[in-house]
Amino acid sequence: MTIPKDKMLEMLHFLMLSRRFEEALTDLCRIEGKIPGMMILCTGQEAVGVGMVAALRPEDVIITNHRSHAHLLTKGADPKVLMAEIYGKRTGCNKGKSGTLHLALPEIGAPCTSTVVGAGPPIAVGRAFAQQYRNEPGITVCFVGDGATGEGSFHEALNLASLWRLPVIFVCENNRYAGAQRQEEHTRIENIADRAAGYRMPGVVVDGNDAMSVYTTALDARARAAAGEGPTLIECKTYRWRGHGESDPQLYQPKEEIAAWRALCPVARMRDAVRARGLISAEDLKAMEARVETLVQEAIRFAEESPYPEPHEALEDVYA
Amino acid sequence: MTIPKDKMLEMLHFLMLSRRFEEALTDLCRIEGKIPGMMILCTGQEAVGVGMVAALRPEDVIITNHRSHAHLLTKGADPKVLMAEIYGKRTGCNKGKSGTLHLALPEIGAPCTSTVVGAGPPIAVGRAFAQQYRNEPGITVCFVGDGATGEGSFHEALNLASLWRLPVIFVCENNRYAGAQRQEEHTRIENIADRAAGYRMPGVVVDGNDAMSVYTTALDARARAAAGEGPTLIECKTYRWRGHGESDPQLYQPKEEIAAWRALCPVARMRDAVRARGLISAEDLKAMEARVETLVQEAIRFAEESPYPEPHEALEDVYA
Amino acid sequence: MPQLTMGQALNQALKEEMTRDDTVFLAGEGVGVSIHDNPMLPTAGLLKDFGPRRVRDTPVSEAAIAGLAVGAAEAGLKPVVEIMFNPFFTLASDMIVNHAAKLRYLSGGKSTFPLVVRIKSGAGFGAGCQHSHNLEAWAAHCPGLKVIMPATAADAKGLLKSAIRDPNPVVFFEDMMLYFAPGPVPEGEHLVPIGQADVKRPGRDVTVVTWSRMLGVAFKAAEQLAGEGIDVEILDLRTLVPLDRAAILASVRKTGRLVVLHEATRTGGFAGEVAAVVMEQAFESLKAPLRRVTGPDIPVPASPPLERFYIPDAEQLVKAIRGIL
Amino acid sequence: MPQLTMGQALNQALKEEMTRDDTVFLAGEGVGVSIHDNPMLPTAGLLKDFGPRRVRDTPVSEAAIAGLAVGAAEAGLKPVVEIMFNPFFTLASDMIVNHAAKLRYLSGGKSTFPLVVRIKSGAGFGAGCQHSHNLEAWAAHCPGLKVIMPATAADAKGLLKSAIRDPNPVVFFEDMMLYFAPGPVPEGEHLVPIGQADVKRPGRDVTVVTWSRMLGVAFKAAEQLAGEGIDVEILDLRTLVPLDRAAILASVRKTGRLVVLHEATRTGGFAGEVAAVVMEQAFESLKAPLRRVTGPDIPVPASPPLERFYIPDAEQLVKAIRGIL
Ligand SMILES: Cc1ncc(C[n+]2csc(CCOP(=O)(O)OP(=O)(O)O)c2C)c(N)n1
Ligand SMILES: Cc1ncc(C[n+]2csc(CCOP(=O)(O)OP(=O)(O)O)c2C)c(N)n1
Ligand SMILES: [Mg+2]
Ligand SMILES: [Mg+2]
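Protein chains in written order, with numbering that gives the first Met the number 0: chain D, 0 to 319; chain V, 0 to 319; chain C, 0 to 324; chain E, 0 to 324.
It should be emphasised that the hints constitute simulated quantities derived from the structure, not laboratory data. Since this is a predicted model, take the numbers as computed values, not measurements. Treat the hints loosely; a few may be bogus.
Stated by the list, open to error - With a cut-off of at most 27 Å between alpha-carbon atoms, the simulated DSSO-like pairs for lysine-lysine come out as follows: (1) C:K219 - C:K119; (2) E:K199 - E:K109; (3) V:K6 - V:K79; (4) E:K119 - E:K219; (5) E:K253 - E:K199; (6) C:K47 - C:K14; (7) C:K318 - C:K286; (8) C:K318 - C:K199; (9) C:K119 - C:K47; (10) E:K47 - D:K33; (11) E:K109 - E:K219; (12) C:K286 - E:K47; (13) C:K199 - C:K109; (14) C:K253 - C:K199; (15) E:K318 - E:K199; (16) V:K33 - E:K109; (17) E:K109 - C:K286; (18) C:K219 - C:K109; (19) E:K253 - V:K79; (20) C:K109 - C:K47; (21) E:K253 - E:K286; (22) C:K253 - D:K79; (23) E:K47 - E:K109; (24) D:K79 - D:K6; (25) V:K254 - C:K253; (26) D:K33 - C:K109; (27) E:K286 - E:K318; (28) D:K6 - D:K285; (29) D:K254 - D:K79; (30) D:K254 - E:K119; (31) C:K253 - C:K286; (32) C:K119 - V:K33; (33) E:K219 - C:K253.
Said to hold, decoys possible - These stretches of chain V come out as covered by chain E in the derived footprint (C-beta under 8 Å, 3 or more residues): (34) 82–96; (35) 119–133; (36) 210–217.
Note that the Cβ used here is the ideal one computed from N, Cα and C, for glycine as well.
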């Protein structure tokens, strides 16, 4: 399948945006007191979120996890409100209550980011159930890590989703590590996608550093889901360039392994593909880069200039 | 493989004992106030427990569930202390604290009967871990129903057991129902054993009404476990003749289905096999039946004549 | 007024709300096809009435059941899910406590989670501690949840209807022994507001604060003591969160004496919260020490005499009351 | 006496007990190979010292981790397992509450479950409510469990060693902010008995009952008030179950005034238990109403000013104490 030019450029944009957004975060969180809490980045794995979400429609919903930036940006999150939330500012998408770990943007179909590993799938089942119940055209996509597939909730959710043929796609972003545990230290199977058979669900393995492959695979799964044929488990093989979080010195990740995967950069790969197909001029590419840079800088400025919430605002929003 | 005569007779004995023990319970729990709580029977599925446990050694451990009578009797439980516990008497194996649902007999290697569906597997993992840790010759067997395989704990336990190559056998006693839900109403897969592949574990399907097949399959799995080759998932296809519990009017179980499975009676099947192979005379069979009857009647008498615990004994045994 | 058991009253509430609002659906293990054939049970007959779209039997997967509710509620449906026995709240607790209760807050108030988790509770049927373990105090210690535990058939109906209409996650504990206890139940639109305690028996001498099945024990003790001229006020909390502090304080200010009665085990039970509220805000009115009458700090045992020993009874309550008069 | 942080003290306790007893093993997510390279953390270096037989990294599977402990403990091993953050207690709670706590009882006293579940707790690191949610009150409301929550490095060491040697399941809450707080720690065989509270500061005028990280807040307030001639007694519970009622009562009988201070949210928090015990048994000694200083009834927010607002501080405590003098 040939991916239309617009889609290719859209994906390139979001790959670059995610990358730059996170590079900025890497720098910012080195500055004492600037960014509270943990800083968990998807640098190197952006093609999974970008390719997946690029295949979705506005009515589709994503349920994401602690490594959410590429997912959310591609779904249409305003970098400003994301950045402000990450800063803990009142103008953040959640008024400073969630921070970077639970960014929630129901307005763009990203209502739930849970940092409880494995919690996404049951919630995604509920979200997809609502779509089926009301006969809505949308579907739900749930992102989990490789480690998350060890949680019982993953299993319960896949079983139920398959049983009820819910319009949901489970995307396993296999970056080879769950915390400091390598995949072979948390499970004996090689392909997480093989678990799908245990639920009579299709399981697909895809190159998670190739946004185009992810995109076309996602389109197929989306079509199945929307047609009432039920869920799909897509495993995207990728790699976490950085530590689990920014405070992780990565002592357990072999240097050569990191280097090998850096050579497979998903952003460069897309850029090269776009260039090779002549979809963008060198000039336009520059302009795109500049646009991305502006977005990131504006986001930072917005976050910097925004006020913190007043302490007593902590008491709001518990009950409706 | 030819099963030795002694083993055949042993299995026949336990099949008959389990059946008669439970037939007595069926009658007893019709008498108002005699047996407290729920009455959950394995009538019709005895070959699973009997065949499986007959393949074990004294040092092996079983972790069972709410449908435990055949498992425990075959492992060597004294029918008297079981019956007394079911009655809620002080002389019961757990002083009346557990009742029929949580019969615990660590002295025969049956330390834990959990009635929380799916709770057995993680505990079995721990028990098997201890065997591996101390380099003991024993292995652990964990019984679960088909419905239990829908619980997240089942998944977590199988993953961990396989990862650490623990000496454990997971036995799925697939009686086609989880409560009132038929198998196809709780999962889309046909063979629960197929889930084993999701953990890189062998999965085997066996005729659960044939104690001999269960026995030989169990021997193989036991050998693997004991040799350090890791866990096996064995699915035994069988059927629950009675309701989920004795108060269940079985409205959702088609009458023809029950009749068809009754025709496959595991006790009769073994009796016929033993007779056909000339392993027992008609007279000796009669004597065996009489022995079983005596055991059951003695158990009932013991339970009837035993005192209830004193109320304040409820306060004992919380802390060590 | 018609007499219904609490199970029938709950059934009526479900039926009425499902009829009123197509977004209400039920899910749980056996909420449709059941191993019971008993019209007294809350979900009896609903599959027949509303069909399999609205009444969903599930696999034995408590985390998925609760997660289903969380996700569907965010989407604007009104899930009413069932946890078969209170101890299995544990298995659903991540979804309820870390998600249903917190996701609204984490969204900065953008999302709501209008779901109800019905939890079958209570001891008394001989099944032991893996089926009987009252954990309402756990739910009450979790901001973001509302917690209801009714004692009468009418309150059960009125509160369940309110719970289903509430925009917040509600944990609704139902005592299974009460399913078979009859009482007058108003027909049709009967709503009991969440967060209002109810003086079930006005009295002068001592306040008994209680909820759920223990209300019957309180009445029994009160009747006995009435014969001796002791006038017991019984306050049925009905809702633990939000707690009707005003009602508790008003009663204690009147009587000057407080006994808290609950079936759950003592240490860390919700009686402590009631005690603390009174000690903070009605200290000067107190004429005597607090008494708690609760289950002892043991798992619920199976054998009948042991289980009876576990469950608080009128005799204990009478003794406790006498001790502070 | 050597100065160690609480993290180092816990590390020493683990090391000593593992050296002493081959049946002690550790399991959990990252207890061996970790994303942290910080010698202040309790499990730092233990994989190197004891090897992969004794120090077991696990998949992200809290139920399996806790189940592993239950099964291994029954077999006579002494598992020390870790739950990475307190909110994930939910995921392990069926194994801990329905099994570790109950199986001994269900066996009629035949089996023991000598296991320790270490749970990393507390707010203050900006990660929000899915990482910070103190649930010690849940564990305390579960007969069969012992519940420990130390405040100092020395107590942490002495109590963890006692917990590992205890034949019962122990839930051991560790405040992560305290991992980096230093204090004098006795070398070698230092055992603190489970179930003994500790008067950390004797005083005359008011009793502050507290535990874990809030001890520091109590000291700060006490120092400030000392300047005004107000003499605060600080009682560090250390163990919630079994609760040292005698120590609480002795202190309140002396001072006549009680403030309970904890970081967990207010409603249903363990302060209620302390209040109830005092109101039951030291009623006549009380000269003033109870005050509770606790986290408010909200999830822990992420943003720094909001999180600071959540965590109780000395100012609030001072105000509460002044209010009852
Ligand atoms: C239930 C739960 N357990 C543990 C953690 C701590 N934790 C956060 S991320 C993580 C590793 C998850 O690995 P994976 O699912 O592969 O996602 P990745 O971080 O690699 O994207 C762990 C253990 C958590 N957040 N939730
Ligand atoms: C966690 C949990 N959920 C629900 C129940 C109620 N329950 C008891 S047995 C059962 C069905 C289990 O089905 P299966 O595993 O197939 O075992 P079977 O009863 O058929 O032997 C259910 C739902 C329970 N005991 N534990
Ligand atoms: Mg990963
Ligand atoms: Mg079954």
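Hints that the structure is at odds with (numbers, increasing): 2, 10, 11, 12, 13, 17, 18, 19, 20, 22, 23, 25, 29, 30, 33 and 36
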